Structures are given as structure tokens and as C-alpha cells.
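Start from the sequences and build out the full structure, keeping to the hints where you can.
These protein sequence lines are chains A and B, in that order.
Heads up, the first sequence stops at 365 in my numbering, and the numbers go up one at a time, no gaps.
Heads up, the second sequence stops at 260 in my numbering, and the numbers go up one at a time, no gaps.
Do not rely on the hints blindly, as some may be mistaken.
Said to hold, decoys possible - Non-contacting residues of chain B with respect to chain A, defined by C-beta distances greater than 12 Å in every case (computed):
{"id": "1", "residue": "N12"}
{"id": "2", "residue": "E63"}
{"id": "3", "residue": "P141"}
As the list claims (entries may be wrong) - Derived SDA-like pairs: lysine to any residue, alpha-carbon spacing no greater than 20 Å straight-line:
{"id": "4", "chain 1": "A", "residue 1": "K317", "chain 2": "A", "residue 2": "A265"}
{"id": "5", "chain 1": "A", "residue 1": "K348", "chain 2": "A", "residue 2": "S276"}
{"id": "6", "chain 1": "A", "residue 1": "K116", "chain 2": "A", "residue 2": "P147"}
{"id": "7", "chain 1": "A", "residue 1": "K116", "chain 2": "B", "residue 2": "R153"}
{"id": "8", "chain 1": "B", "residue 1": "K173", "chain 2": "B", "residue 2": "R37"}
{"id": "9", "chain 1": "A", "residue 1": "K116", "chain 2": "B", "residue 2": "Q189"}
{"id": "10", "chain 1": "A", "residue 1": "K348", "chain 2": "A", "residue 2": "Q313"}
{"id": "11", "chain 1": "A", "residue 1": "K116", "chain 2": "B", "residue 2": "A185"}
{"id": "12", "chain 1": "B", "residue 1": "K84", "chain 2": "B", "residue 2": "E63"}
Hint data in this document are derived by calculation from the structure and do not stem from the laboratory.
Since the structure is predicted, the reported quantities are computational estimates derived from the model, not experimental observations.
Just so you know, even glycine gets a beta-carbon here, dropped at the ideal spot from N, CA and C.
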Amino acid sequence: MALRKYLPWRFWGLFFLLILASVLTGCAGGGAQASSWFGLTTRDDLVYLAGNEQVYAVEIATGTQRWAFPPEPDRNIGPFYTTPAFLDSLVVVGGFNDNTIYALDAESGQEQWQLKVDGGFVEGGVVDEAGNLYIGSSDGDLYAISPEGQELWRFSTSQRIWATPLLADGRVYVASTDHYLYALDAAQGDLVWQFEAGGAMAGTPALLGDTLYIGSFDNRLYAISVETGEERWSIEVDNWVWGGALATEEAIYFGDLGGNLYAVAPEDGREIWRISTGELGIRATPTLTDNVLYVGNEDGTVLALDPATGTEQWRIKLEGQVLTPILRHQDILLVSLLRSESKLVALKAENGQPLWRFPPPTEKK
Amino acid sequence: MWDLLILDPMINALLFLYGLMGRSFWLSITIFTILTRLILLPLTLRQQQSAQAMQALQPKLQELQKKYGKDRERLAQEQMKLYKEHGVNPLGGCLPTLLQFPIMLGLYQAIIRVLGTTPLQLLDLSRHIYGNAATLSRLLPLDQSFLWLDLGRPDPLYILPLLVVITTWAQQKLMTPPATDPQSASMTQSMQVMMPLMFGFFAMQFSSGLSIYFIISNLVGIVQYYLIGRKQPAPAPQPAPAKQAKGKKPARSSRKKKSR
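What follows is the structure, given as C-alpha cells:
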């Protein structure tokens with residue numbers, strides 16, 4: 001009663017308006033640091049990771065930072081989702097909000113050139129033998145770029161390209177969220193064929209023999225003829241297939257956003273095994289080395305599995321989310337983390353025990 | 001709980017309407033906003049009735065202001081007495097607004113999420129689609145283009161933010177009841193300036209899909225006012241029914257007197 005006496009209802013209107021303002025601002029991420037997953041690439045003894053507003057080069061043996069670009073986070077740069085690609089001695093990344101490709105010296109992190117386009121970048125590019133870079137953008141275009149940073153050609157699709165292209169036998173295969181997988185002539189960018197799926201595609205197609213394998217947001221995995229672009233078979237799964245598939249002679253391995261990991265037969269999609277890794281999704285493409293299959297999911301669980309049976313060898317729960325493929329370098333697994341104090345963690349490949357974290361966690365008092 | 005009751009139904013409804021409207025997201029937002037405003041119509045009507053009743057009490061409130069202006073406690077007591085005598089709840093205009101608050105917030109979040117402008121937003125969206133219905137998933141990503149706009153980004157020409165400011169101001173002007181005292185008048189005046197500017201600022205910062213929601217919502221509010229609000233006879237404040245006067249309210253009133 002006392003409040004109502006001294007504070008008329010208009011006050012409450014203004015009060016809730018201010019709450020609304022703060023909630024809306026918070027919801028839209030206004031004022032917050034840009035967030036993105038971290039793409040990883042290794043070369044020699046360094047791992048390169050690009051995420052949020054910086055690109056880092058880190059020593060694989062120790063987790064020590066070699067350089068960062070820019071040295072301090074800059075809100076006008078990035079955020080970076082892309083997996084770094086190499087153009088000879090340059091490491092190339094694309095920013096999402098600033099629509100810019102940066103070519104950095106791999107040794108020092110110094111910027112060598114940049115190219116601004118009409119849309120942001122989500123996945124990294126691929127480089128051919130001549131050093132040309134092929135990279136898709138949110139403006140719906142696939143760009144072919146020379147080693148010097150000049151645009152050679154571009155191919156337009158009607159929606160965002162959020163997938164790394166596949167380069168094979170003089171062709172570029174790229175998936176677009178416009179529901180099409182495109183096969184292009186790498187030299188000129190001419191369309192060879194296009195395949196329409198039932199939903200958006202954001203993974204890199206996997207090539208095995210004369211078949212491409214790719215998942216879609218319509219809860220399906222497709223097998224497509226590399227020559228004609230015709231569907232060979234498709235299977236339905238429980239949820240969106242965002243990440244790329246891993247294709248081997250024994251099985252096609254892929255995950256869905258329902259947290260399921262599948263192994264299916266390359267010839268007809270018959271299920272060999274499937275396991276549930278948890279309720280949260282698998283976006284990252286699985287990794288297979290030394291007959292061990294590694295996969296991470298959105299709740300931060302990393303699993304090592306027998307590729308023949310799906311039997312678990314070990315698992316570890318990390319703080320944060322694993323959204324990008326796990327890399328193996330000798331006997332070290334490199335796992336990037338989203339929503340975690342550390343952006344990168346190195347694990348022992350044999351048992352998953354952490355070796356180091358980058359940056360190291362702050363000591364709790 | 002928020003996701004289950006508010007956000008997920010809104011996201012799926014927006015997607016369903018998007019499919020129904022021939023994959024036009026601005027139409028989907030428009031239809032959804034109109035439907036939401038229709039569902040909220042009873043609340044809006046109560047708000048308008050309360051505002052009109054307050055308006056009708058103005059002369060008497062001003063008299064009280066003149067009479068007890070220097071004694072704030074007495075003034076408040078007399079004002080409350082007047083409200084009770086005429087069966088008017090001074091918070092009657094505020095309550096419906098508060099009830100609209102979660103719906104407005106949910107709509108805002110739903111529009112942002114369903115656009116899936118960034119990869120993380122799209123990843124999050126996959127968890128909100130019912131049963132991960134492949135039918136709705138097939139509609140993604142939404143076609144965000146409309147006229148010169150990318151509905152996932154702010155309007156580069158600032159036309160929508162300007163329309164947001166104008167329509168918010170117009171709706172505020174129509175719906176706000178007159179102030180009862182100088183303090184309230186000053187508050188009302190600052191709200192009528194601040195609110196449109198604040199929403200205009202949102203429109204400049206956030207996706208233009210949200211600006212469409214603001215504009216349509218304001219326009220529907222204005223149309224509702226002209227179609228329904230003005231036709232209703234301003235409820236002349238009536239003395240509260242005898243039963244009510246002898247029942248709860250006098251009892252509360254007497255308790256108040258005792259406590260003082």
C-alpha cells in the first residue's frame with residue numbers, strides 16, 4: 001500500500017520498460033562479446049585455432065601461445081568460426097560479422113592481405129595444388145581466390161554457404177543451406193550438376209569411390225553419384241545431420257543433433273551400429289586414427305570408440321561444448337571448447353587424460 | 001518451463017505460418033503478431049476501460065489535488081477512497097501491460113531464434129522445433145529478404161526504426177490515461193518520449209524482423225483502439241455496489257484507519 005501511495009502506476013510502467021530494455025538487450029547479445037566455436041588445424045608442431053575475435057598459434061607439445069591475431073580482442077574483427085586453411089606460408093581465416101578473409105603469416109601472425117566480401121564466413125576453405133583458395137560465404141557465394149588474395153571467380157547460390165567445400169579431381173563440391181549440393185568445375189566455377197536434398201546442408205561431403213555422402217537438416221543422410229549427382233540411397237535418422245560424414249570402406253560414420261552416432265554401410269546405408277552419446281547433439285565430424293574413432297558432443301563429452309562395433313574405449317567429460325572435429329597429432333588429441341574458460345584442451349589419445357589447457361585455467365582461491 | 005510454455009510454441013507457430021504464407025517471413029511475423037494481439041484482446045479491453053474510467057475521474061482527482069495538495073498522505077488516502085467509491089482500480093491499466101510482458105518477450109526471443117542468423121543460433125533452434133519435425137526443419141533457413149531488407153539484420157536505411165518510433169508514440173499517446181497530478185504528468189510525458197526512442201533504438205540495433213513486429217503490433221493496437229476502444233462508452237465511474245461497499249472494501253478501509 002505504501003509503495004502504491006508514493007509510486008504511481010506510471011512508475012511501474014517505466015520500471016518494467018527498463019527491465020524489458022535490459023532483457024531485450026541481453027537476449028540479442030548486445031554489448032556481449034561475440035561468441036563462436038573454434039576451428040582447429042595443425043601444421044608441424046603448431047595448432048592454429050580461430051574463434052571468437054582472435055586467431056591463435058599454439059605449441060602442441062606444451063600449449064604455449066606463439067602468437068595471436070589481433071594481439072587483443074577487437075570487436076571489429078571476426079568472430080571467427082572458420083577452420084584455418086593454409087595458403088603456402090599463410091594461414092587463412094574468415095570473419096563472420098566483418099565479412100573479411102584474413103591471410104596471416106603462419107610464423108608470426110602478421111596480416112599479409114585481406115579481402116572483404118558481401119557475407120560472413122562460417123567454415124574454412126580448401127586450397128588446390130596451385131594455391132587457390134575455395135571458400136563459401138553467408139552471402140551465398142562460393143569464392144575462388146588466388147594466393148595473392150584476388151578473386152578468380154564466384155558461384156552464387158540462393159542461401160548461405162556454411163560448409164567447407166570438397167576439392168577432388170578438378171571439381172569443387174559445396175553444400176549450401178539452399179538445400180542443394182553443387183558440383184563445379186574448379187578452374188572456371190561452371191556448374192556440372194546440382195543435387196536437391198529435403199533440407200539445408202552445412203557439412204562437407206565425404207567422397208568414397210564414386211559416391212559422395214552428405215547429411216541434411218531434413219534428418220537424412222544421402223549417398224550421391226559423383227558423376228551425375230543422382231541419389232543412390234538415403235536413410236532417415238533421428239535429428240538434423242549438420243556435420244560432415246567420415247567415409248571409409250568399412251562404414252560411413254556421422255552424428256546427428258540428437259546426440260546419436262551412426263555407422264552405416266557405404267553401399268546401401270544399412271545400419272551397422274548406432275550409439276547415443278547423450279541428449280545433446282553431435283555437430284563435429286568424427287575422427288578416425290589408428291583404428292580408434294573419436295567424437296565429441298555438445299555437452300562436452302569426448303568418446304573413443306571401436307569403429308567396428310561402437311564399443312566405448314574411454315570417455316571424458318570436459319567443461320564446455322565440443323562442436324568441431326577432434327584432431328590427433330601423434331599421441332595427443334586436440335579438442336576445442338565453446339563456453340569454457342579454456343579454448344583448447346590436449347588429451348592423451350590412449351586414455352583421454354588432460355595434458356594441458358589453453359589458456360590455462362585460472363587458479364581458484 | 002519458459003521454453004516449454006512460451007518460446008517453443010511461438011517458434012513452431014512462426015515456422016508453421018512461414019510455410020503457410022508461401023515462405024514469406026514478414027507475412028509470418030505479421031499474421032502471428034495479429035493473432036497474438038487478438039488473443040490478448042480481453043486484456044487490452046480491460047486496459048482501455050481502466051484508462052477511460054481514470055479519465056472520467058479526472059475532475060474529482062483534480063479537486064482532491066487542489067484540496068489536499070500539501071498533505072501527500074491525506075491526498076493519497078482520499079484518492080484511494082475515491083477509487084474505491086467508484087470501483088476503479090488505479091492499477092487496472094498496469095496489470096494487463098504486465099501480463100503482456102512475457103508474451104512480448106517470448107515473441108521477441110522467438111523471432112530472433114527462428115531467424116537463426118548465426119551458426120550458434122541455428123544450432124540452438126534445432127532444439128526448439130517440435131519432435132524435431134522434419135517438415136518444419138525443411139523450411140530452414142528462412143528466406144530473410146523483404147524489399148530492401150535482410151530481416152536478420154537492422155534496416156540500413158533507418159526507415160523501419162523511424163516507423164517504430166512514430167507508431168510507438170502514436171499508440172502511447174492514445175492509450176495513456178491522463179495524469180492525475182503534476183508528478184504523474186511529468187512521468188507520463190517522459191514515458192511518451194522515452195518509450196518510442198527506446199524502441200527506435202532497439203530497431204536500429206536488432207534485426208528488422210523485430211521492427212516489423214513492433215510496427216504491426218503498434219498498428220494493431222491503434223486500430224483496436226479506434227474500432228473498439230472509442231466505441232465503448234467511457235465507463236462513467238459509478239459508486240461501488242452496496243454489497244461491495246459494505247463488504248470487503250470498507251473492512252479493509254477500516255483496518256487502514258485503525259492502523260493509523
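Here's how the hints hold up against the structure:
1. The Cβ of N12 of chain B lies farther than 12 Å from every Cβ of chain A, with a closest approach of about 15 Å, so its non-interface assignment holds.
2. For E63 of chain B, the non-interface assignment is confirmed: its Cβ lies about 18 Å from the closest Cβ of chain A, beyond the 12 Å cut-off.
3. Distance to chain A contradicts P141 of chain B as a non-interface residue, since its nearest Cβ pair spans about 5 Å, not more than 12 Å.
4. Using a Cα cut-off of 20 Å, the hinted pair K317 of chain A and A265 of chain A is violated, with the two alpha carbons roughly 30 Å apart.
5. This hinted pair does not check out: K348 of chain A and S276 of chain A have alpha carbons roughly 23 Å apart, beyond 20 Å.
6. Restraint check: the Cα-Cα separation between K116 of chain A and P147 of chain A comes to about 15 Å, which is no more than 20 Å; the hinted pair holds.
7. The hinted pair formed by K116 of chain A and R153 of chain B meets the criterion: a straight-line CA distance of about 18 Å does not exceed 20 Å.
8. A distance of roughly 19 Å separates the Cα atoms of K173 of chain B and R37 of chain B; the hinted pair therefore holds under the 20 Å criterion.
9. Note on K116 of chain A and Q189 of chain B: the hinted pairing is violated, with a Cα-Cα distance of about 46 Å set against a maximum of 20 Å.
10. This hinted pair checks out: K348 of chain A and Q313 of chain A have alpha carbons roughly 13 Å apart, not beyond 20 Å.
11. Between K116 of chain A and A185 of chain B the CA atoms are separated by roughly 52 Å; this puts the pair beyond 20 Å, and the hint is violated.
12. Note on K84 of chain B and E63 of chain B: the hinted pairing holds, with a Cα-Cα distance of about 17 Å set against a maximum of 20 Å.
Checked against the numbered hints above, the structure violates hints 3, 4, 5, 9, 11; every other hint is satisfied.
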